Structure formats: C-alpha cells, structure tokens
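Assemble the whole structure, with the sequences as input and the hints as a guide.
There are 2 protein chains.
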Amino acid sequence: MSDDNPDVWLEQRITRIAGPEDERLAPYRNVRERDLVGREGRFIAEGKVVLNVLLANRSFAIESLLIIENRLAGLKDQIRLCPADVPIYCVSRTTIDAIAGFPMHRGILAVGRRMNPLSVQALIDTLSPTALVVVLCGISNHDNMGSIFRNAAAFEADCVIMDETSCDPLYRKAIRVSVGATLKVPFAQQGPIEAIIETLQDAGFTLFGLSPSGLTSINSVQPAQRTALLLGTEGEGLPPALLQQLQTARIPMSSDFDSLNVATASGIALSRLSRFASL
Amino acid sequence: MSDDNPDVWLEQRITRIAGPEDERLAPYRNVRERDLVGREGRFIAEGKVVLNVLLANRSFAIESLLIIENRLAGLKDQIRLCPADVPIYCVSRTTIDAIAGFPMHRGILAVGRRMNPLSVQALIDTLSPTALVVVLCGISNHDNMGSIFRNAAAFEADCVIMDETSCDPLYRKAIRVSVGATLKVPFAQQGPIEAIIETLQDAGFTLFGLSPSGLTSINSVQPAQRTALLLGTEGEGLPPALLQQLQTARIPMSSDFDSLNVATASGIALSRLSRFASL
Numbered sequence: 001m002s003d004d005n006p007d008v009w010l011e012q013r014i015t016r017i018a019g020p021e022d023e024r025l026a027p028y029r030n031v032r033e034r035d036l037v038g039r040e041g042r043f044i045a046e047g048k049v050v051l052n053v054l055l056a057n058r059s060f061a062i063e064s065l066l067i068i069e070n071r072l073a074g075l076k077d078q079i080r081l082c083p084a085d086v087p088i089y090c091v092s093r094t095t096i097d098a099i100a101g102f103p104m105h106r107g108i109l110a111v112g113r114r115m116n117p118l119s120v121q122a123l124i125d126t127l128s129p130t131a132l133v134v135v136l137c138g139i140s141n142h143d144n145m146g147s148i149f150r151n152a153a154a155f156e157a158d159c160v161i162m163d164e165t166s167c168d169p170l171y172r173k174a175i176r177v178s179v180g181a182t183l184k185v186p187f188a189q190q191g192p193i194e195a196i197i198e199t200l201q202d203a204g205f206t207l208f209g210l211s212p213s214g215l216t217s218i219n220s221v222q223p224a225q226r227t228a229l230l231l232g233t234e235g236e237g238l239p240p241a242l243l244q245q246l247q248t249a250r251i252p253m254s255s256d257f258d259s260l261n262v263a264t265a266s267g268i269a270l271s272r273l274s275r276f277a278s279l
Numbered sequence: 001m002s003d004d005n006p007d008v009w010l011e012q013r014i015t016r017i018a019g020p021e022d023e024r025l026a027p028y029r030n031v032r033e034r035d036l037v038g039r040e041g042r043f044i045a046e047g048k049v050v051l052n053v054l055l056a057n058r059s060f061a062i063e064s065l066l067i068i069e070n071r072l073a074g075l076k077d078q079i080r081l082c083p084a085d086v087p088i089y090c091v092s093r094t095t096i097d098a099i100a101g102f103p104m105h106r107g108i109l110a111v112g113r114r115m116n117p118l119s120v121q122a123l124i125d126t127l128s129p130t131a132l133v134v135v136l137c138g139i140s141n142h143d144n145m146g147s148i149f150r151n152a153a154a155f156e157a158d159c160v161i162m163d164e165t166s167c168d169p170l171y172r173k174a175i176r177v178s179v180g181a182t183l184k185v186p187f188a189q190q191g192p193i194e195a196i197i198e199t200l201q202d203a204g205f206t207l208f209g210l211s212p213s214g215l216t217s218i219n220s221v222q223p224a225q226r227t228a229l230l231l232g233t234e235g236e237g238l239p240p241a242l243l244q245q246l247q248t249a250r251i252p253m254s255s256d257f258d259s260l261n262v263a264t265a266s267g268i269a270l271s272r273l274s275r276f277a278s279l
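Protein chains in written order, with UniProt numbering: chain P, 1 to 279; chain Z, 1 to 279.
Honestly, the hints are just simulated from the structure, not real lab data.
Since the structure is predicted, the reported quantities are computational estimates derived from the model, not experimental observations.
Computed cross-link-like contacts, DSSO-like style, restricted to lysine-lysine with a CA-CA straight-line distance of at most 30 Å:
id, chain 1, residue 1, chain 2, residue 2
1, P, Lys-48, P, Lys-76
2, P, Lys-173, Z, Lys-173
3, Z, Lys-48, Z, Lys-76
4, P, Lys-48, Z, Lys-173
5, Z, Lys-173, Z, Lys-76
6, P, Lys-173, P, Lys-48
7, P, Lys-76, P, Lys-173
8, Z, Lys-48, Z, Lys-173
9, P, Lys-173, Z, Lys-48
Derived coverage of chain P by chain Z (criterion: at least 3 residues anywhere in the stretch with Cβ under 8 Å from a Cβ of chain Z; other residues may be distant):
id, segment
10, 147 to 153
11, 245 to 254
Stretch by stretch, here's where chain Z covers chain P in the computed footprint (C-beta under 8 Å, at least three residues):
id, segment
12, 176 to 188
13, 268 to 279
For each residue, glycine too, the CB sits at the ideal point set by N, CA and C.
See the structure below:
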C-alpha cells in the first residue's frame, strides 16, 4: 500500500503548512496542557482507529484534521469520508511535534466537537425495552473512564450515564484509552447520582450497585430486562447511603488483597450482565 | 493518630539527611529514568501499601527506605517491621522531589532486591496438585503487566510465568499499578514461550490460549486440576502457530469493536477459571 506520489485529488484536498507558527494550527497547540482547561465541547482525537469512530458517528462534528505527511497515503479512505468543508492540514514530523508539545507517535490529530448533548432523561428515552446501562459515580481518573467505555462497547452496553463529579470522557487521554469508545457509546453527564438513580428507576430499570461488600455474587445475579450497573470511585466505592437503597453485587475474589481496579471490575460485571454471558 | 513529636526510638532508628546531594541517596536519584537501564535485580517500590507487601515477602530484601518527614508518624508499624540493618533515610519534601526528579505524592520510596529468582521448572515444582497459573507471552506494556498481576492476586492464581520477550514486572510503574502484586504473586521469567509450554505440559497442566478467535467460550471452559491461562500481546495476540497446538478460549463480546484490553481480558478469564467462579 506504499504510495510515494500522492494522487492529485489528495494533494488538492489537503492544505500543506510549513511551520508550527501558522495560526490555523492554533487548536492543536500544546494539546496535553490545554486539555485541562475549558474546551467548549471540543476535543482532540488521536490515531487512525479513533478517527474511524469519529467519522462514523453523526453526533460529533469534525472541525479539522492534522496529519503528518508520511501518513497521508495510508489515510486516503478516511480523507475521502471527511466532509468537504473540513480543513485537512498536512505537516512534517518536526512541525507536529513542536505544535503538540510532545512526540506524536500516531501522526493523526483531529479536532472534534460534540453536538447537542442529550440530558439523562432524553438519553434514557432513546433506549429499547431491553437495555443495559452503565452508571458512574465519581470516576475521576481518565484511564479508568476510557477503559470502562471500552468495556461498555465490547459488551454492547446501550449507554453510559455519569454524575456531575465524574471526569470528562472526551478528555484526550480518555478517548485514546477507550480506543474511541467514548465517541461510540452514547453518554449523558448530569447532576447528582441520586437524581440519576431516580430517573432510571422511573424508567423501569433494576439497579445493581457493584461493591466488594455487595450482597449477591455477580455470578448469581439475574439481569432484568432493563438493568443498570452502578460503579463508584476506586478509593471510596459507592456511597454507603446509596448501597443501602439498592440491590448490591460483588465480584467474588481473594479477601487477602486490595480489590480489583474499577475498570477491570466493570469488564467482569458486564461480561456477566450482558447478553454475551450466555454465549 | 497524629503525632507531632516522634518517639525517641523513632528518631534513633532513622537517619535524617539535609539535602539532595548526599551520596547515600544515590539509589533514589532520577528513579523515573534510571528504571530504564540495568538495575541488577534491584527495584523501587512506592507507597505504604506496596511497602507492606514488600515487608511481608521474604523473597525480597529491602536495601533502604526513603521517607518524607511528614509521613514518619504514620509509618511507625512499617519502621518497626524493617530489619535493624536497613537504613531509613528521612528528608524534606523539597529534597525528595529534587532526588526523584518529579513530585513524589506518596512520600515513601524503598530500594528492594529480588533474591534467588526461581527457574520456571523450580517454580512449577513448588505448586500443589491443584493449581492455576498465568502465562504471558510478549507483554511489553508495564501498565498491562502490573494490572495482570493485580488480577492474578485478586483471583489467587498460584504464579505467573513470563517468556523472555515480556517486560519486567519489577519495573517501578508495574509494581505501582499492581498495588504490590508483583511483589506478592510468585513469578519466573525465562526463555521462549514454547519451552514454557512444554514444561507446563510435562507437569500435567492443561493450557488454554486466550484469543478473540478461541474455539471455546470462556463461559464454557471446564478448568482442569492444573490449569494454565496463556495471554499474548495486545496488538498481535498469541502466535497462530501456538494457538494451533493448544486448546483455545475466547471471551464472547461484540464483533463490532476492538477487542478488550489484555489486562481486562485476564481479569474476566481468571474470574471464570479460578475457584471464585463458583462462589
């Protein structure tokens, strides 16, 4: 698939930029630090796999692409799929590293924007009578957030709902760790966990709080037609007051060791609660 | 448990060091970079939880401890457990950050050393007639290595065996991610994967290679009395030639998405193969 002479259409479609000072590259400057400040619904997606997910999902707009020159030939399909009014900038490795503020191994960056986020209620209204939902309370680590979304996609959870204290799944690192799942699995983030639980109960969901002290083994839980799996922060877990109101489940494991990482726990629980448990 | 005036015994046990230039602190200098070069069986352990695991396991020696002064009072139990000939250095936050080369949030570092590592055969010889072993082929990411050990500890796998192309579980980050499990679960690393498999088969182990293309669903696998779970690199998975010789298992999941992270996959498979599967 090597192609040292890019096609004419490709050369006409892209915009070559010579150095890192060009103002059109401003959205890509110091992406690592900028991610920590207000992003107005925008996010940075990295790599070909994530770009494919982004291109496939109409809930997101692409504002521009930045591609290192030696990756161009391998990205013709993606470039063809990109709407004609989206600028595609092409630069040298030196320039992309200078802009990004660190060595960019993947050579592809996109600025995306989430359009019309749904409220928790509106998202639940889109679900089928049979549904599996992941609910997150206070997940503050972007690696865990990304991994949980990856697991939600692998086991075909219908959506993820997060409380206001959870971190942003569209943070660059969360997107990367999720292999694009945060751009694939529908999600809503809104308000306190108690309000989310009430909304789910009103919609006929049976909720299971996952906790090392949970009453039922996850191996014995019978999923309902509409099931929600609740996960809390790794340090504190779900608030005790919440656990008292809900059915609770535990993953049987050694009493001799620190509990599982919350992302791994989500994978194990989803493998038991999803339709794949019986396959 | 606050204690602004450390006991006399504590003050006599520790060695206060005023600045970062002191030669006794040399093993702790730039731990982040040094980890990448030869370490002669030594490793850096961080934090109280990991220190507890290190103190409990006679397979490891502690060469010295470095503690930030405001953590002293909370570490009396650990200091009491530390052999009398192990130096315990105490420094200010400014000094520890200057030595480590980055802000040390945990305030506790230990230099440990692994004593008399076992060969694969010798490690297998220590196992009971009923055993669950994790075998790793080409796991090169320290986060994955640490997470797999954490899962092995959670589901009480008896040991981990790694081929020569896998990374070092005593790398600082692997120890940290494992929450000390790489200092708890016995392991051996030696030679090519083919030799490891042969040794396990000779010892009566039934081996299951985990792969998205595996023949049997992990939900249907019947563990043998001696079971070994084989995991390959995330990118390539286990070599096809190897999979052809072995029983293979898959985790049923969406065909529509990139496969699970290898660490998450290890957790799901171990939850099915361990004695906890029936609890």
